[in-house]
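Visitor: Taken in sequence, the protein lines are chains A and B. Residue numbering for the first sequence follows numbering that gives the first Met the number 0, beginning at 0 and increasing consecutively. Residue numbering for the second sequence follows numbering that gives the first Met the number 0, beginning at 0 and increasing consecutively.
Worth flagging that the hints you see were computed from the coordinates, not collected in a lab. Glycine included, every Cβ here is placed at the ideal spot set by N, Cα and C.
Part of the chain B face toward chain A, derived, beta carbon under 10 angstroms:
#1 Tyr253
#2 Asp254
#3 Gly437
#4 Arg682
#5 Arg703
#6 Asp705
#7 Gly706
#8 Gly732
#9 Gln736
#10 Tyr740
#11 Asp743
#12 Val744
#13 Lys883
#14 Pro884
#15 Arg893
Some residues of chain B that are not near chain A, with every Cβ distance over 10 angstroms (derived):
#16 Gly75
#17 Gly486
#18 Glu608
#19 Arg827
#20 Asp876
#21 His962
#22 Gly991
What follows is a list of derived Cβ distance ranges for each label pair:
#23 Gly59(A) / Gln645(B): 42 to 52 angstroms
#24 Asp34(A) / His544(B): 40 to 50 angstroms
#25 Pro9(A) / Thr781(B): 46 to 56 angstroms
#26 Gly621(B) / Ser30(A): 48 to 58 angstroms
#27 Asn45(A) / His962(B): 44 to 54 angstroms
#28 Lys837(B) / Ser30(A): 56 to 66 angstroms
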Amino acid sequence: MLITCPYCGPRDVIEFTYQGDGNRERPQPASQDLDAWNAYVYDRLNPAGDHNEIWQHSGGCRAHLRVVRNTITHEILSTAFARGGHKAEGRS
Amino acid sequence: MSPRRTETGGRIDRLRTIRFTFDGAPYTGHIGDTLASALLANGVTLFGRSFKYHRPRGLLSAGVEEPNALVTVLSGEVREPNIPATMVEIYDGLVAVSQNRNPSLAWDIGAVNQLGGKILSAGFYYKTFMGPVFGPLKGTRFWMFCEHFIRRAAGLGKAGTAPDPARYERMNAFCDVLVVGSGPAGLMAAKAAADQGARVILAELEAHFGGSANWSGETIDGMLAADWAQRTVGQLEGNDNVRLLPRTTVWGYYDGNTLAALERVTDHKEVAAKGEPRQRYWAIRAGTVVLATGSFERPLVFPGNDRPGVMLAHAAERYAVEYGVLPGQRIALFTNNDSAYRSAVALKKAGAAVVAIIDVRGDVSTEMRRLASEAEAELLAGHAVVATEGGKALTGLKIQRFDAMSGALSGDERSIHADSLLMSGGWSPTIHLASQAGAKAEWDPARQAFLPPTPTQRWIGAGAFTGSFSTAEAIAEGRAAGLQAAGGAASSAPVPVVEAAPGDPDPAPVFEIKAKGKSFVDFQHDVTADDVRLAHREGFVSVEHLKRYTTLGMATDQGKNSNVPGLAIMAEALGKPIPEVGTTRFRPPYTAVSIGSLAAERFGDLKPERLTPMHDWHIANGARMYSAGLWYRPMIYGLPGETVEQAYVREARATRGSAGIVDVSTLGKIAVQGPDAAEFLDRVYTNTFSTLAVGKARYGLMLREDGLAFDDGTTWRLGEQEFLMTTTTANAGKVMQHLEYFLDVIWPELRVTVTSVTDEWAGAAIGGPNARAILASCVTGTAVDNATLPFMGIAHGQIAGVPVMICRLSFSGEMAFEVYSGAGYGTRVWEALIEAGKPFGLVTYGLEALGTMRIEKGHVTGAEIDGRTTARDLHLDWMLSKKKPFIGSAMMDREGLIAPDRLELVGLIALDNRPLSGGGHIVEQLDEANPHHSLGHITACCYSPALGKYIALALVKGGKARHGTRAFVSDPLRNRFGPIEIVSNHFYDPDGSRMHG
Numbered sequence: 000m001l002i003t004c005p006y007c008g009p010r011d012v013i014e015f016t017y018q019g020d021g022n023r024e025r026p027q028p029a030s031q032d033l034d035a036w037n038a039y040v041y042d043r044l045n046p047a048g049d050h051n052e053i054w055q056h057s058g059g060c061r062a063h064l065r066v067v068r069n070t071i072t073h074e075i076l077s078t079a080f081a082r083g084g085h086k087a088e089g090r091s
Numbered sequence: 000m001s002p003r004r005t006e007t008g009g010r011i012d013r014l015r016t017i018r019f020t021f022d023g024a025p026y027t028g029h030i031g032d033t034l035a036s037a038l039l040a041n042g043v044t045l046f047g048r049s050f051k052y053h054r055p056r057g058l059l060s061a062g063v064e065e066p067n068a069l070v071t072v073l074s075g076e077v078r079e080p081n082i083p084a085t086m087v088e089i090y091d092g093l094v095a096v097s098q099n100r101n102p103s104l105a106w107d108i109g110a111v112n113q114l115g116g117k118i119l120s121a122g123f124y125y126k127t128f129m130g131p132v133f134g135p136l137k138g139t140r141f142w143m144f145c146e147h148f149i150r151r152a153a154g155l156g157k158a159g160t161a162p163d164p165a166r167y168e169r170m171n172a173f174c175d176v177l178v179v180g181s182g183p184a185g186l187m188a189a190k191a192a193a194d195q196g197a198r199v200i201l202a203e204l205e206a207h208f209g210g211s212a213n214w215s216g217e218t219i220d221g222m223l224a225a226d227w228a229q230r231t232v233g234q235l236e237g238n239d240n241v242r243l244l245p246r247t248t249v250w251g252y253y254d255g256n257t258l259a260a261l262e263r264v265t266d267h268k269e270v271a272a273k274g275e276p277r278q279r280y281w282a283i284r285a286g287t288v289v290l291a292t293g294s295f296e297r298p299l300v301f302p303g304n305d306r307p308g309v310m311l312a313h314a315a316e317r318y319a320v321e322y323g324v325l326p327g328q329r330i331a332l333f334t335n336n337d338s339a340y341r342s343a344v345a346l347k348k349a350g351a352a353v354v355a356i357i358d359v360r361g362d363v364s365t366e367m368r369r370l371a372s373e374a375e376a377e378l379l380a381g382h383a384v385v386a387t388e389g390g391k392a393l394t395g396l397k398i399q400r401f402d403a404m405s406g407a408l409s410g411d412e413r414s415i416h417a418d419s420l421l422m423s424g425g426w427s428p429t430i431h432l433a434s435q436a437g438a439k440a441e442w443d444p445a446r447q448a449f450l451p452p453t454p455t456q457r458w459i460g461a462g463a464f465t466g467s468f469s470t471a472e473a474i475a476e477g478r479a480a481g482l483q484a485a486g487g488a489a490s491s492a493p494v495p496v497v498e499a500a501p502g503d504p505d506p507a508p509v510f511e512i513k514a515k516g517k518s519f520v521d522f523q524h525d526v527t528a529d530d531v532r533l534a535h536r537e538g539f540v541s542v543e544h545l546k547r548y549t550t551l552g553m554a555t556d557q558g559k560n561s562n563v564p565g566l567a568i569m570a571e572a573l574g575k576p577i578p579e580v581g582t583t584r585f586r587p588p589y590t591a592v593s594i595g596s597l598a599a600e601r602f603g604d605l606k607p608e609r610l611t612p613m614h615d616w617h618i619a620n621g622a623r624m625y626s627a628g629l630w631y632r633p634m635i636y637g638l639p640g641e642t643v644e645q646a647y648v649r650e651a652r653a654t655r656g657s658a659g660i661v662d663v664s665t666l667g668k669i670a671v672q673g674p675d676a677a678e679f680l681d682r683v684y685t686n687t688f689s690t691l692a693v694g695k696a697r698y699g700l701m702l703r704e705d706g707l708a709f710d711d712g713t714t715w716r717l718g719e720q721e722f723l724m725t726t727t728t729a730n731a732g733k734v735m736q737h738l739e740y741f742l743d744v745i746w747p748e749l750r751v752t753v754t755s756v757t758d759e760w761a762g763a764a765i766g767g768p769n770a771r772a773i774l775a776s777c778v779t780g781t782a783v784d785n786a787t788l789p790f791m792g793i794a795h796g797q798i799a800g801v802p803v804m805i806c807r808l809s810f811s812g813e814m815a816f817e818v819y820s821g822a823g824y825g826t827r828v829w830e831a832l833i834e835a836g837k838p839f840g841l842v843t844y845g846l847e848a849l850g851t852m853r854i855e856k857g858h859v860t861g862a863e864i865d866g867r868t869t870a871r872d873l874h875l876d877w878m879l880s881k882k883k884p885f886i887g888s889a890m891m892d893r894e895g896l897i898a899p900d901r902l903e904l905v906g907l908i909a910l911d912n913r914p915l916s917g918g919g920h921i922v923e924q925l926d927e928a929n930p931h932h933s934l935g936h937i938t939a940c941c942y943s944p945a946l947g948k949y950i951a952l953a954l955v956k957g958g959k960a961r962h963g964t965r966a967f968v969s970d971p972l973r974n975r976f977g978p979i980e981i982v983s984n985h986f987y988d989p990d991g992s993r994m995h996g
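Chain A with its partners taken away, still in its complex shape (with noise of 0.2 angstroms):
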């Protein structure tokens, strides 16, 4: 399997390091819903087909992914940074 960090380019997946589902949102910090927090640290999506995941590129530049991968096939449908709309700063 190959993810193409935006940063370094096409890498093999043992650069890559799994950091789990990226459907999950975080509870505000001082929340004390606690259906809430159980929801975002034990519940993942196990979808047969598309899914949005964060990977690290742990043996690169050491930036998360967002990676939106077939579950299936293992094709990887895309990447981006995991900062959202913030470009980490000096790469570009």
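Chain A is already provided as a structure; the job is to place chain B on it using the hints.
Guide: Chain B in isolation, oriented as in the chain A frame:
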């Protein structure tokens, strides 16, 4: 001249003699021989004993699919078992032995198993070893009793126990076109793609490129096919875009057109060249793959089809043409298709007498009749072999009239005298890689074979792989595939002209001759046609269940010969057509892959090591090193004659008595910098860091998101916006990733950078009543008194002219200081401290003494922060801030995490004054015969010189409530039982007066 070697012919170098041994006996062969061809040339017919019945077995094939002739190659103390003799190239000094025989191949005691054939049928183990309901051998105990003897009798070669000294490499490779297989189709594909300028890799699992061209005897472009292949390889060699990989098996087809291959670099050499690995694991990323993997000839299933001397027809042809070896002098052939006729002619030309061609088909074409007469063979159309005769070699066979439509035998048996019986049951395309790559194979009723599925990845098939069994088709398809793979336009230029014997590629749909006797389907696992039918009678309908129950196709050859005949027999039993029964999916690896090649550089001399700056000093001063992850750390600095326990007790006692010094460079160190650094640490740690004064350090605890404890360490505030975080050695990488994740994904608004600086700093911890005096005598530029350097204070100064950062903190419980310097000056500072400590009797201490002193103090490490414990379990709840949220704060108070029966940290004292052991359980009532009701377990243990007792830390239900009570340690694994007292984990100096000074 060897008894079976032909006068001329073959690709062997007859002028060069190779000497080797098989089962201790010396043999000779020639360069170009495999172990199989060389032994066959020497008249050896018996190569091994079968898996279950210990039947004598000879060569079935000449290639990678060989199920019978498996050998163990010895090289010094190292054994490599289960290699097909057909794949071993001989070299001077090769030592090979046969397998699964006792005491010898010719006289095997296990052969009595043949008499018990009825008992040893499919499901033998499941049925026979269901023990009685009661009694000494009830349930599975009967099996446990018998297992030892069965394991000894059944099976293949034995793995060795000696460490493998060989080196293995991993190579990443990229290409536009990967061609797998170098027969006419593969060669044409590689040539066509290379001519288009594509980067091409051509992988061939055998030693020589050419595949069937090497033995077909056909003519391509007016020259012998073998010469044409050699010429084409020569053209490829001259092309810079082409990488040729002989002896390279592509064994796995993975996502994204990534393929795994194993190159046997030096297995065929007496001595490897300098720097050459034994094997090389290739990870190949290919734009397009051309699968030109050819096909396997299938055996026919009939009684006695496993007798030595019964061989696949093309294999015999190959031995004769490629190696100049005749498998016999009087040869009979048994076939359901046309291809065997060509083999008959080739063997006749090579000098054998072809006595008969037995064809299951009543109707044989005129062309085949002509080939039969060219071979001077009696053609017995509409006949079948019903028995074979002979012991360790074939002496003859029996045939009967056969009706291919009904499968019925009729008429009298007739005997034929022959020393070799060649069979051909049709051909199966080698679709393994395509199957691995995705979709299901499709049954072709004409070819009577599973053909490759529609590609789901970027591959193109060519030649026999696609069911196009003629060389002319292979060449045309190969060229088209190569052009297409390289993105070139289809060519109308003429393809090389092939002259070949005629033949219909479609066999008769006959797989089995049903007559009395054992008819083998899977030779390697001794599965017979009756076993398959028995499985059906016992209710196994699914092909996947059939496979597992009979173990058909589950041996090291993975059913390369047996798959289709087995399915055909199952289909007949079920009364269904073969495609409805379906086939099993092929999975990697295609052939056996050495574990060493997969480990490659992660093992042995290429494995990375992390050494602290003072490593050489430790070695030079007698440290016994201990590997912790990739790090090496001193365990003890033993004196001559000292045991490990004596050494650490001495080191710990001397530290508490005067002073000791330990290398702490391995601690994880992370620079946390930026305007929001303090805010970030407040969110990451359970306690508060924003209130920490510059020049002070604080002990911190991190939780995971789920509220369980994660890591601990001290963090030093070096500036308003600058912190140095330390982590445990083991968690340094994990903590770094944890911080990066939150900064990058969760809180991108925080202006903080984190940098791993573990390797930038050398660290030495010096502790004990005289530690301050030692420092005072060697540090310049700062005072080290209580006012300048209070507990958890930081000072900057120099030692031996080197700038150092000193923090007064303690893991040992003594007054202690951690001295950090630039890594390059670590040894210089360390040596200066050692020198300064001499008047005080300063000792160096290792991990054992470090551990002992931390157990005495009751500090936690990874043994207690084990991913299951909370801060409360470890009595660290005083560190949980109530004023701010932090990672894990929302989840840490969940019901299960605050339950009263959780395991809590306690101390243990052995009341019988014997050592305790990590992992031992704590029980209220001792029952050595039937241990039960564990209250918890020991996490760390030592002899405490401070207490003069064997002590331990443990996680025990009830925790503090049990302080002062007695219980027992129960460790049946190490047979350690005895009374203990449960106490506080703070054994030593609980109020901390020593470290606060």
